[in-house]
Each structure stands twice: as C-alpha cells, then as structure tokens.
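**Student:** Letter by letter, the chains look like this.
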Amino acid sequence: MGKAFGAVVSIIALVSAYFIVVHRWWLPVDISTTGPLIDHQFNETMVEAGILFIAAQLILGLFCWQYGDKPGRRVKEFPGGPKPVVAFGVIIVGLEILALSLVGSKAWAAIYMTPAPSDAIHIDVQAEQFAFFFRYPGPDGKFGKIHPELMNDGNGDYFGIDPMNDVAARDDIMVGTLTIPVNKPILLTLHSKDMIHDFYVPELRIQQDILPGLEIPIHFTATKVGRYEIACTQLCGLGHYEMRAFLEVLPQDKFDEWLKEQSGD
Amino acid sequence: MGLKHIIAVPALFLAGSSLLVLSAPPARPAGGIITGKVTYTGTPPKMHPIDMSKEPYCEKLHNPPDKTQTVVTGPGDTLEYVVVYISAGEKSMPPPTTGERFDQKGCMYIPHILAMQAGQDLKIYTDDPVAHNIHPEPRLNAEWNKSQPPGAPPIDVQWEKPEFIPVKCNIHPWMHGYFAVVATPHYAVTDADGNYKIVGVPPGTYTLTAWQEANSPISKQVTVTSGETKADFSFHVLPYAF
Amino acid sequence: MHDAQPAVHHHTAPEGFIRKYVFSVDHKVIGLQYYGLALVAVFVGMVLSWLMRLHLGWATLAIPGLHLLSSAGAPGNVMTPEYYLSLMTMHGTIMVFFVLTNAPLAGFGNYFLPIQVGAADMAFPRMNMMSFWVTFTAFIVLMLSFFVGDGPPLSGWTAYATLSSVGGASGPGEATGQTFWAISIALFCIGQLLGSLNFISTTLDLRTKGMTLARLPLSTWAWFVTSCIGLLAFADLLPACILLILDRSFGTSFFNPAGMVLNGEVAKYSGGSPLLWQHLFWFFGHPEVYIAIIPAFGIVSHILAASARKPLLGGTRVLIGCMIALAFLSYVVWGHHMFLSGLNPFSAILFSVPTLIITIPATIAVLMWIGTVYGARLRFNTACLFCLGFISVFVSGGISGFFLAQPSIDIYLHATYFVVAHFHFVMAVAAIFGIFAGTYFWMPKMIGRMMNETLGKWHFWLTFVGVYCIFMPMHYLGLAGNVRRYAAFTDNFLVPLIPVHKFITIAALFTGAAQFIFLFNLFYTRFWGPKAPDNPWEATSLEWSTTSPPPFDNFGGRQMVVNHGAYEYGVEGPKDYIMQTDPVKVAGD
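Residue numbers (the numbering used here), protein chains in the order written: chain Y, -2 to 262; chain E, 28 to 269; chain S, 42 to 630.
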C-alpha cells in the first residue's frame, strides 16, 4: 500500500506540473505597460511554488514507499530532530516571502499607488446590473454632473446627465465599448449604480471592484492594438455571467477619427 | 316538373343563401368608432443610436443601429407609440379571453408599447439565442424579475391593476418598453403615421386620454355616436428627452 | 492550571428512548448527533454540487425532475442562471457551516474531548445539548429557504452587500430566502458560541489527575485552539447577520450607501458602506477557515503517530506552537480577501505580509508530518491513508494560497477558478480527508464495530485520485482567466474552456459516486461489522483505555490517572507503545 501511495502521489504531482510547464492553459499575452512587472512576479512565484510542490509530494511519496511496517526494523527519528527542519522552514520560507513581498509591492504600487499621468484621457465608467457603459467628456473636455434620479437606460441616459439644464453635459459621449488609443495613459473613474461589480481585463492585468457610493480611479496604458473583453468578476445577480463589454484599442489616428464621429452625432 | 326539381330548387336556394351568409363580411360590432391623429408641436428630442456592442449577435442584426424609442416621430409632425384609451365614463368590463404577446427579438422589445386590459393574459416570448432578463418595474402591480435563457418557455403573466409599467432587460439595458395596462377594452396605440382607431365603443360621453411615455398625458371629453368620432391630440415636446 | 478533580457525575444513566438518543446530555450522543447532521448536510451539499457541475458543463441540459425542486428556478427542467447561483450559495453555506464546522469540531470534538482529558462529560452537559438543537434548528431554517419567497438566496455564502442588503430589489433570489439564510447563520453562531464555551471550560478545568496541558493529545489541543478562535469569530458574525436583517427588512443603512438606483428609482438608503459587510464577514470568515482545518491538523497528527508507530517529529510542542500561531495570525489577515475591494491600496500590502507569514507555521506543520513519516513503520490502514492523503492535498491547497497572498498576483487571479481550486483543496478536500481519517479511526470506538477495510481502501483510492481530477484542472482554468460564479460560459475567452469543465463534471460525478461506498460501509458496519476490541489500533490516548463504545460516564466510574504523554510509540519491548494510563516505569527498567 505504501508503494502504491508513493507511486500515485508522484504521478499526480508530475502530471499536474506537466500542464503548467507546457503552458497548456495560460495567461493571455499582456498588453499593458505594467503587465511585465506582474508577469515577472507571477513567473517567479510559479517557479518557487513549483519546486516546493514537486519536492513535497515526491518526498512524501518516497517516504511512504520506504517506510512501511517491516518487521524487525526500528523506527528512527528524522536526522537532527525537529530543530533543523523548523529552521529550514522558517529561513527558506521566510526568505522567499521577503523577496516576493519586496518585489511584488513594487508591481502593486505601480498600478494602484501611483497617480495617473497628467495627460491621461479621462473616461467615466458606469457599472450596473448587467452592463458597462463608458462616457467621454466630449469637445468641451468637461463631464456633465451625474444625477441618479435622472438615470434612464431606455432613452440612453445611462449616467443620469441633464443636457437640458447642464451645458457641460450636452456633448458627453456615451458608448457601450471602451474605445481607447494605443500607448496613451487612460484614467478610468469607476461608478456603480446598484451592486458591487468588478472591471477585469485579463490582458491588461487589471482588476478592480466597483462599489456603489464610491468613485474609484484606475489607470493603465495599453500597448497593443486589438479587441479585448472586459468581464465583471464580482457576483452582482443573475446576469453576472452576461455582464461584459469590449475594449477596443485603436491606433491614434483611428481613435481620433472615432472620437470625431461620436462628437458629431 | 318531377319530385327531383321540387326538392332541388329549395335546396339550391338554401345552399346558395347559406353560402352567401357564410361568405358575407362579419357584422359590424355594435357601437361607434373613435379615430384620430396624434401630433406634436415644438422641437422633438434627438433619438440616439443604440449601442448593442456588448451583445455581438444583436449588434450584427442592427446595422445601422436602431434608435431609442422615447419619442418616435412620423411624417407630418406625428407621434408613434401614443396610447389612446377611454379613461373614465365606462362601467367595468371583464378582460377578453384572448391574450397578448410580447417578443424579445434581436435584443429589442416588440412592440415597444404593448397595450392590454387589466387581467388579460400576457405571454412573453424570447426569440433570441442569447439570454434575456425581463424586469418590469410597476409601482401598483406586483413586481417580478426573471431570466429567459435561450430556448426558455414563454412567461405567462396577468397584470391586475391599470398602470403604465416600464419594462427593461437587465442584461441588455437599452431594451425598453411599456406594458400599457388599462381598465377598458377600448384602447389603441398610434402607428408610424400617428393614426389610431378604437372600435366597438357604445355611444355615450367619455374621457379619452392620450399617454406618451416622455410627456404628461392629455385628456379630453368625447361624445361617441354610432358612427365615427374624430379626436386628435397634440403634445408639446421638449428638445431633450434627457 | 492545577490538575483538576475527577469530574463529578453530572447525571445518572439516562432512561428511555428520548432521553438516551434525542434530548441527551451525554457528550457522546451529542457528538454522534452532530456527526449525523454533518453527514446529511454533506450529501445535500454534494448533490447541489452535481447539479451545479452538470449545468456548467452543459448549460442547456434538462435535468429530469429539477422542476420539482423549483418550478420557477428550472422551467422545463433547464436551470435558470438565478437558480444556479442559488444552488451555489446553498452549496457553500451548507458545506462551510454545517459540514466543515460541525463534523471535525462539534462532531468528533464533542465525542472525544471529554474522554481524551479523562472527564466523565463536558463541563456543561445541558448547554451542550442546547447547542446541538440550536444548530439543528439553524439547519432546518436554512433548508426552508429553498421553499420560501422566490427561493434560496443567490449572493454566495459570502452574501456581499449590496446584493444581499436591499431585499428583493436586487433581483430574484434576494427576497425572503436571504432573510432565512441570515436567521439560520445567526442561530448557527449561537450554537457554536455555546459549544466553544463548553470545549474551553472542559479542557481547562476537567482534566483528570496527571493530565497536564503538555500531555493532552493533539486532537484535544486542536479542538481547544479552534474553540478559542470560534469564540471571537462567531461573536463577530452574529451581529453582522443581525445588521443585514435590519438593512433588508427595516430600512436601515449599515451597508447601503446613498444614490443607488434600484428598479428605476433612487433608493432611500444613506450613509452605509458595502465594505463594512466585507470587514465584518471576513473578520469572521478567515478565522472560520482555520476553524475548519485546525481540527483536521489535530486529528491527522493524532492518527499519524499511531499509524507510524513513532512520536511526531517535534513532539507535541512544535505542532501546538503551529496551531497557536495559525490561530493568532488568522485574525490579522482578513483583508487579503479584500485586496481589490476598494480599500486604500496600502492596506493590501499591510494584509499581505501576515498572510505570507502564515505560510510559515503551516509549512512547519507539513514538515513535521513528513518528517514523522521518515523512519516510520507505517500501518497503511484506511485511516492512515487518509492522513497521508491529507498531507498531499493540504500541500497542494497551500501552494496555491502562496500566489493569492500576493496582491500583485491577486490582481489577475482574484475571482477566478484559481481561488475556487485553492479553497476547495484546503477545505473540501483536506478538511474532509481529516473527517474521513477520524471516522475510520474512531468509528470502532464510537459504535463498537470495525469498519470494513476493503471498502475503506476502495473509498480512499477512488476519492484521492478523483479529487485531484476535479480540483487540479481548476487551477489551469484560473490561469486562463476563467471567472468564477458564472452560471454559464458565453464570453469569447471562456467558451474554449468548456471542455475542461466537462472533464471536471465527469470527475465530480464519479468521485461523488465513490462516496456511496463510504455511506454503505457506515451502514454495513453499524449492523454487521465485527465487534471492536477496546484498542484495535494499539493506540495510547485515553479513549483506548475504555470499552468500545464507552459506558455512559466514559470510564465506568474509575478515575483515570495519566502518567505519560500522548504519543509514546516506538518503544523497546514486546509492546511498542505506552498508553497514557500505563504505570510509570520504575528506574532501571
């Protein structure tokens, strides 16, 4: 039985590791300026975790293989007793933790604790059961004020603006796809009108909960033209799985064209 | 003439006249007809193109995009989707046994405004291969909120109290419509030319009301005869729906 | 603490069916009642998981009979997305509370803690009876939520505001069912608080002569430490549930901010914060997962020593130290569930440091167990196999925690199947393996009959391979960005992952079926199992110094005197172990 356990646990460990090593299912290519920092942290952790995982499972398997109940054999304590093992645990794990924390906090801070560049394009995001809408300030560069009591999805007033009385609101552009130029910093202000939602773009390596009652900023710069999905990742009701929007990263000239077209509407 | 002829002539006559009766147009319902046109003054608000990009299947079906339907105008400054109904002066009547049908197709509600009598059966169908989440928002009737994944059976519901109930889809928030639940069987919704026609109204004096979703309703007294009565309405619209 | 007097007989032998088996104050009966409740709960929770997995693999599948459970939730037997989320909520709630807190702690703990300390019963037997029946009532209230209003809640076992805190206005599944959920959990908290008081008092005050704290078996230490954690944790969840009910039903705004637009109108709430619910919930929730796993630490350690025929590496001291360190640290890491929640980003760094540090005592515990296997003479019975399996799956689950503890990596992995894989490995698999190990080890003592070893081994192997087939692929799904709590997969980047989900579903159904071997074994043993001797495993602790099953007062009126620690295995001589109650060896022996 011991040999069987040893064999099975080793096979399980190696098969599990195989799928990781060959990247059978893996992160998509990153498309943001902070992506490489995150991916570096991730890969470091994967190597360390992988070594620990395989070592632990194989050693467990080996010991089970070897140390069955053989008559006549005496039990023996681990050489050196507990002290070296405890020391090993504290030192090795402690060092790993220290290294990962120090490097990891830089990656975290680059996204969440660094202010957006001053030339970032401001886009407002409204999250609601079960869709995202995006608002650009229009040619006047100003966002109209948000009035929750005026919000009316049926006639297109997703943000509750009041163009009749609020001049700044008249040229606000509201769309269902987040359209941005490549290689330009983007500052999103995330709003929710009802539940907690979450803005997640795997390729950007960005995720942020959106809370009713809070205005949460998040900024990034996309580095590759293309069409990507924005998924809601915070359970918000029955349509949570259908809550998505698309992120369209365009070359600068195409973005300018698009914006002009929207403003003329 | 033989016996054959004596039987044949009345038989032929009977056959012929019953054919005539059966093929004749149905008798006019007792009562008068109210017709009219609903127009507007002022500058109507611009309707916005609907961005369906979160649902590529529906986005493809509406190229160029449909527009919002808050204030839909027609040729000659007319208004579509105005509900004209008898709001007072009638004794109460049970709802008809036939039901109404509401469809979700290409991520739009068809029709945009569905008028029905209180207590009448309503079946809501989904014809799309994407999930919908139909959510009427009544204030007087009981509220409900249900999903209809692709292939789901129709939802069967009755509204007990007269009310203009907005309905939306939570998964496709641009989907927007109304259940115009009225107490009377005498109602109509204006067409693309702003015209409406209500039939089968017993002669008498009534209050006729026109309801448009972005404006206050307009009521007027009408006296209905056994023939046709005309009643036009005009709404003053504002340049912004929002 | 002084060596206590032997427990005074709190009660005479009970008479009559009701007093003996229903409203019993005997900790052994109560322990079995908790275990039985957990057994019912785990099968309900498992069936729910099958329904969920079937839907995830085949979203348009008509599951025969489902409309009988809910005609609104499954018209034409096809599960609606809201019903999927409701089943998911109930699955999580039932499993975390009524299985993982019940069986290892209230079940085995109630049965064996008084015996292992040498007492005749718990410190407060009547309060013990009350705690079970309060827990039982909580379970009934939870089950009722299937049938009230528009069905059970759908906000997950975590019930985040504002989805859970505005009543039916947030959509189907959030009407009366959520209120029943909150009431059920509040009752559960009360039951657990009463239980914790009992466990702590009994451990500190009712130890028999010679039973110092250092000589207590690790299972008792685990139940004691867990009860200490539970006292603070459940004392936090109980008021949180009350505040939730107040917001839902009485218009208060603890969790609801101003300006929400619900059903087309601006809601009247003002001044609350959804983050408050998250703080209150996770301040309970993180210690809760340690409440789920530390008893397993104790049970596995206890059984491993007996199976390995040698003391644990580091003796009891190192493992006790690990458990206490985990308990303490579990209270300062709750914010790692909230890295992306909208808190000040600096708090993420603050919370991730202790979260990473908590790896250390967990790693040391694993190293102690693996070090115990070194040089052992392992007896590979079913209980031992589940202990070894526990070590393997706990390592697997712990390693994925290493990723999630770092905020920079959590940015990508938060709310994906990577998290689902992590917590299922450590809770659904590791903690359950602890329960299985305890069952196979202690069932002979509890019902006086030996369980069938052949069936046990089949159960182990099918389950061990099965759980890896179910939960290891979930890591890969997470790496690909597969978002969790989705009722179906329609996004472009998720559709290609559906075949993996189908594989997981099939593995889950097979592994679930294997659990019927266990159920059959329990049933068979109860009626036809061979009689169990007092000490079938040649183990040392006090439960093996009495009959199988023990008499109503545990030791037949004797005062047990303890002269040895709990894990004196591997000694020289004809008998390779010294029982705790064996006489002290005379010098020169």
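Bear in mind the hints are in silico, worked out from the structure with no lab data behind them.
Fair warning: this is a prediction, and the values are worked out from it, not measured in the lab.
No residue lacks a Cβ here, since even glycine has one placed at the ideal position from N, Cα and C.
Please note that a few of the clues may not be correct.
Across the chosen pairs, the derived CB separations fall in these ranges [stated by the list, open to error]:
hint: 1; chain 1: S; residue 1: Trp569; chain 2: Y; residue 2: Val19; range: 45 to 53 Å
hint: 2; chain 1: Y; residue 1: Gly78; chain 2: S; residue 2: Phe564; range: 30 to 38 Å
hint: 3; chain 1: S; residue 1: Phe188; chain 2: Y; residue 2: Lys251; range: 33 to 41 Å
hint: 4; chain 1: E; residue 1: Thr70; chain 2: Y; residue 2: Ser260; range: 16 to 24 Å
hint: 5; chain 1: Y; residue 1: Pro114; chain 2: S; residue 2: Phe551; range: 53 to 61 Å
hint: 6; chain 1: E; residue 1: Glu164; chain 2: S; residue 2: Val373; range: 42 to 50 Å
hint: 7; chain 1: S; residue 1: Ala276; chain 2: E; residue 2: Pro177; range: 56 to 64 Å
hint: 8; chain 1: Y; residue 1: Asp253; chain 2: E; residue 2: His263; range: 23 to 31 Å
In silico EDC-like links for lysine to aspartate or glutamate, alpha-carbon gap of 20 Å or less [what the hints assert, rightly or not]:
hint: 9; chain 1: E; residue 1: Lys87; chain 2: Y; residue 2: Glu226
hint: 10; chain 1: Y; residue 1: Lys67; chain 2: S; residue 2: Asp617
hint: 11; chain 1: Y; residue 1: Lys103; chain 2: Y; residue 2: Asp27
hint: 12; chain 1: S; residue 1: Lys61; chain 2: S; residue 2: Asp617
hint: 13; chain 1: E; residue 1: Lys94; chain 2: E; residue 2: Glu190
hint: 14; chain 1: E; residue 1: Lys94; chain 2: Y; residue 2: Asp169
hint: 15; chain 1: S; residue 1: Lys309; chain 2: E; residue 2: Glu164
Chain E stretches covered by chain Y per the calculated footprint, using a threshold of three residues with CB under 8 Å from any CB of chain Y [what the hints assert, rightly or not]:
hint: 16; region: 130 to 138
hint: 17; region: 141 to 147
hint: 18; region: 262 to 268
**Student:** Taking the hints in turn, state whether each one holds.
**Tutor:** Here is what the structure says about each hint:
For the hinted restraint 45 to 53 Å between S:Trp569 and Y:Val19, the CB-CB distance of approximately 50 Å keeps it satisfied. At about 45 Å, the beta-carbon gap between Y:Gly78 and S:Phe564 misses the expected band of 30 to 38 Å. Evaluation of the 33 to 41 Å hint for S:Phe188 and Y:Lys251 yields a failure: the beta carbon distance comes to about 56 Å. A hinted range of 16 to 24 Å holds for the C-beta pair E:Thr70 and Y:Ser260, which are about 21 Å apart.
Between Y:Pro114 and S:Phe551 the beta carbon distance is about 54 Å. The supplied range of 53 to 61 Å therefore holds. E:Glu164 and S:Val373 have their C-beta atoms about 45 Å apart, which keeps the hinted 42 to 50 Å range intact. About 47 Å separates the C-beta atoms of S:Ala276 and E:Pro177, a value inconsistent with the hinted range of 56 to 64 Å. Look at Y:Asp253 against E:His263: about 40 Å separates their beta carbons, and that is not inside 23 to 31 Å.
Distance restraint check for E:Lys87 and Y:Glu226: the Cα-Cα separation of roughly 18 Å lies within the 20 Å cut-off, and the hinted pair is therefore satisfied. At roughly 14 Å between alpha-carbon atoms, Y:Lys67 and S:Asp617 fall within 20 Å of each other, so this suggested pair holds. Straight-line distance between C-alpha atoms of Y:Lys103 and Y:Asp27 comes to about 18 Å, which keeps the hinted pair within the 20 Å bound. Under the criterion of a C-alpha separation no larger than 20 Å, the hint pairing S:Lys61 with S:Asp617 is inconsistent with the structure, at around 38 Å.
For the hint pairing E:Lys94 with E:Glu190, the CA-to-CA distance comes to about 26 Å; that exceeds 20 Å, so the pair is violated. Taken as a hint, the E:Lys94 and Y:Asp169 pair is honoured in the structure, with Cα atoms around 18 Å apart against an allowance of 20 Å. As the CA atoms of S:Lys309 and E:Glu164 are separated by approximately 17 Å, the hinted pair is consistent with the 20 Å bound. Counting residues of the region 130 to 138 of chain E whose CB falls under 8 Å from any CB of chain Y gives 0; the rule of at least 3 is not met.
Here the region 141 to 147 of chain E counts 0 residues with a CB under 8 Å from a CB of chain Y, which misses the bar of 3, and the coverage is violated. Given as covered by chain Y, the region 262 to 268 of chain E passes the check, having 4 residues with a CB less than 8 Å from a CB of that chain where 3 are the minimum.
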